[in-house]
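Undergrad: Sequences are here, hints too, so could you generate the full structure?
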Amino acid sequence: MQFRFVSELHFIFVPMKVLVLEDNPRLGASIHDFLVREGYSCELADTYAKARDKLLSVDYDCVLLDIMLPDGNGLDLLQLIKQENIPSGVLIISAKEALDDKIKGLEGGADDYITKPFHLTELHARLRAIYRRKNPAATNSNIISFNEINLNTDTLQAYINNQLLDITRKEFDLLMYFVVNKNRVLSKQAIATHLWGDYTDNLDNLDFVYQHVKNLRRKISQLNGTDYIDTVYGLGYRFKGAEEVQ
Amino acid sequence: MKLINKLTYWIMGVVFVVTPFTMTISYRSIKSNINKAEITRLKDVTDKVAGQLKAGVPPQQYMLDRPITVKEVTAMPVDKVQTRNYSFYNAELKRDECRMDVTSYYNINNKVYAVYTYNYVTQGKQIIMGMIYALAWKIGLITLSVLISGRLVSKYILSPFKQTLKSIETFTLGNKEKLVLPPTSTVEFKELNSFLQNMTDKAVKEYAAVKEFSENASHEVQTPLAVMRTKLELLSETEINAEQAQLIGDMQYSIEKLVKINRSLLLLTKLNNSEYQTTEMVKFCRITKDMVKALEPHLEVKGLELRNHIGSNIPLQIHPVLAEILLNNLLSNAIRYNDPEGYIDITLTRTRLTVKNPGLAPEVDPAILFQRFKKSNQCADSVGLGLSIVQQICSVNNFEVNYSYENNEHIICVDFGNEAVTEQEAVVVEQTFFNNEPVIA
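Residue numbers (my numbering), protein chains in the order written: chain F, 1 to 246; chain G, 1 to 441.
Since the hints were derived computationally from the structure, they do not count as laboratory data. Heads up, the beta-carbon is just placed ideally off N, CA and C, and yes, glycines get one too. Treat the hints with caution; some may be incorrect.
[Unchecked claim] In silico SDA-like cross-links for lysine to any residue, where the CA-CA straight-line distance does not exceed 25 angstroms:
| no. | chain 1 | residue 1 | chain 2 | residue 2 |
| --- | --- | --- | --- | --- |
| 1 | G | Lys231 | F | Thr115 |
| 2 | G | Lys231 | F | Val232 |
| 3 | G | Lys6 | G | Ser145 |
| 4 | G | Lys231 | F | Ile86 |
| 5 | G | Lys138 | G | Ile148 |
| 6 | G | Lys231 | F | Asp46 |
[Claimed, not checked] Each pair of labels, with its calculated beta carbon distance range:
| no. | chain 1 | residue 1 | chain 2 | residue 2 | range |
| --- | --- | --- | --- | --- | --- |
| 7 | G | Glu220 | F | Lys240 | 34 to 44 angstroms |
| 8 | F | Tyr210 | G | Asn408 | 22 to 32 angstroms |
| 9 | F | Asp33 | G | Glu305 | 41 to 51 angstroms |
| 10 | F | Gly241 | G | Ser395 | 31 to 41 angstroms |
| 11 | G | Ala361 | F | Pro25 | 45 to 55 angstroms |
| 12 | G | Lys178 | F | Arg37 | 49 to 59 angstroms |
| 13 | G | Glu220 | F | Asn152 | 21 to 31 angstroms |
| 14 | G | Ser194 | F | Leu56 | 49 to 59 angstroms |
TA: This is the structure:
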């Protein structure tokens with residue numbers, strides 16, 4: 001097992017097995033590299049046929065499914081997963097934002113949907129969410145913990161040293177995004193997209209991300225929590241993992 | 001002028017021009033026939049008289065009550081029958097008369113006799129009067145029947161043409177539907193229909209090709225963008241110095257902008273493609289309130305005051321995604337181009353949505369701002385497609401959007417053009433795609 005932070009990620013007992021079906025080898029490699037660094041066991045398939053064979057022989061926790069494939073439609077694979085009662089979670093990746101695809105995918109049994117171009121950290125957050133939903137036993141209930149921080153994903157409440165943190169919904173989402181993607185550089189754009197979705201293009205969201213991060217840091221330190229959030233000059237923010245914090 | 005009126009005028013014009021000629025011909029023909037008949041009759045009379053002369057019977061008996069004169073002349077003229085037709089004024093009766101004189105020459109017992117007789121015939125004037133009377137009736141009847149039958153027949157004959165017009169009127173390229181034209185037996189309409197059919201079929205085909213191309217192009221761009229975005233993310237995780245970080249940051253910024261432009265263009269293409277058509281009613285007031293709530297933090301950061309006049313129970317036929325994009329674009333603009341410590345005034349009624357905010361005057365004509373990539377107060381983050389999208393959404397939903405700048409206020413007004421929507425028609429669509437809370441990791 002390639003876990004660097006096993007003690008913090010105690011809700012994961014075995015490496016999450018992910019099958020990535022993506023016909024673009026470069027994008028596939030990006031996803032693969034990211035997930036492997038995150039400690040997942042990740043396999044790539046670039047055609048419908050290969051993905052089908054893998055799905056029928058190996059159990060995956062989660063499948064990343066590109067809809068447009070050179071030799072078939074990802075939605076057909078979704079049908080196969082349903083027919084064969086394969087318990088994997090499914091996250092659809094599509095270049096089309098067409099509502100049709102989205103609705104077809106979700107009706108066909110997909111757990112979530114993400115459109116290209118996506119941020120790897122966003123992909124990760126969604127993947128983790130699917131995994132948590134699919135494996136409630138393995139993920140140790142609804143609490144995500146990191147050192148003194150506890151996040152309850154059901155009640156959407158955050159605790160620092162068991163004290164309730166008074167934060168807004170957006171700040172909760174932000175903190176969760178940080179914790180899930182700890183030690184990752186999160187660009188302001190990635191945070192903005194995570195918090196406000198794809199269509200909030202017109203707003204000065206980047207300034208707003210700054211405001212949110214500032215508020216969150218202030219509120220955490222008010223409860224004597226550690227300030228894990230680092231500003232990475234020119235790029236964004238990073239939530240420091242255990243090894244960098246005293 | 002209507003085609004049928006033109007044809008009517010033309011027919012009537014022809015009738016009026018030709019009538020004097022036909023009248024002259026008729027008059028001459030009638031007059032000459034009357035004269036010929038009279039001459040024949042008078043000739044018979046003179047022949048009878050000549051016969052009596054020949055038989056030695058005194059002609060007096062036959063001449064009784066008849067204006068016949070018998071004279072002995074010296075020589076036989078060239079014309080054995082001489083006629084004279086003339087009008088004169090009858091002083092006794094005080095009217096014009098027309099008389100026909102016939103003088104026949106006979107050679108009886110080596111003597112030449114001239115037998116002369118005459119009769120009154122119908123005057124030309126009387127004939128003309130009769131003809132004019134008939135003409136008045138004729139013209140009246142022709143006019144009436146042309147007017148009536150023209151209208152009735154034109155309705156029948158022109159109906160394929162009118163149906164064709166109707167079909168063209170309702171035809172829109174975006175519908176991807178072929179033009180359907182009614183069958184007709186008129187050659188010209190057949191030609192017109194076949195021409196229109198070919199033209200629109202071709203246009204539909206090419207339009208679809210262009211649409212498909214731009215949509216495919218946008219989709220094709222998504223994957224390379226995803227590659228770039230993810231590679232830069234991975235690159236930023238590696239050991240890099242501050243300078244490199246800055247370079248990566250700048251690249252990320254540009255890619256984000258590219259992503260936004262592409263997304264907006266894709267949306268515009270889809271709007272043109274009518275992919276967001278709906279028959280559902282949404283509670284527009286609900287969506288507006290949600291949107292305002294979602295943007296409240298932005299208002300706070302900028303220190304803007306919210307003047308909220310959002311009415312309740314306002315159903316509208318619009319795709320919920322479009323409703324959200326429309327509101328988001330309008331309100332975002334109002335936030336972005338506001339004065340410091342300014343305000344946003346939102347008024348929503350059943351018939352219109354008005355967003356007002358103070359701000360610098362636009363540097364260009366407000367109407368131009370609806371064009372793609374046109375910006376007024378140059379703002380680095382702005383792509384310049386927001387108002388184009390607003391306009392496109394409005395046109396897809398048959399709303400009318402107006403932008404004006406008065407008294408230091410930017411005013412955008414969206415007219416829904418629906419006064420008759422009743423409450424019962426409102427179906428709440430709770431599903432929203434836009435302001436979804438992010439998933440929980």
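Undergrad: Any of the earlier hints contradicted here, and which numbers?
TA: Going through the list in order, the structure violates hints 4, 10 and 13 and respects the others.
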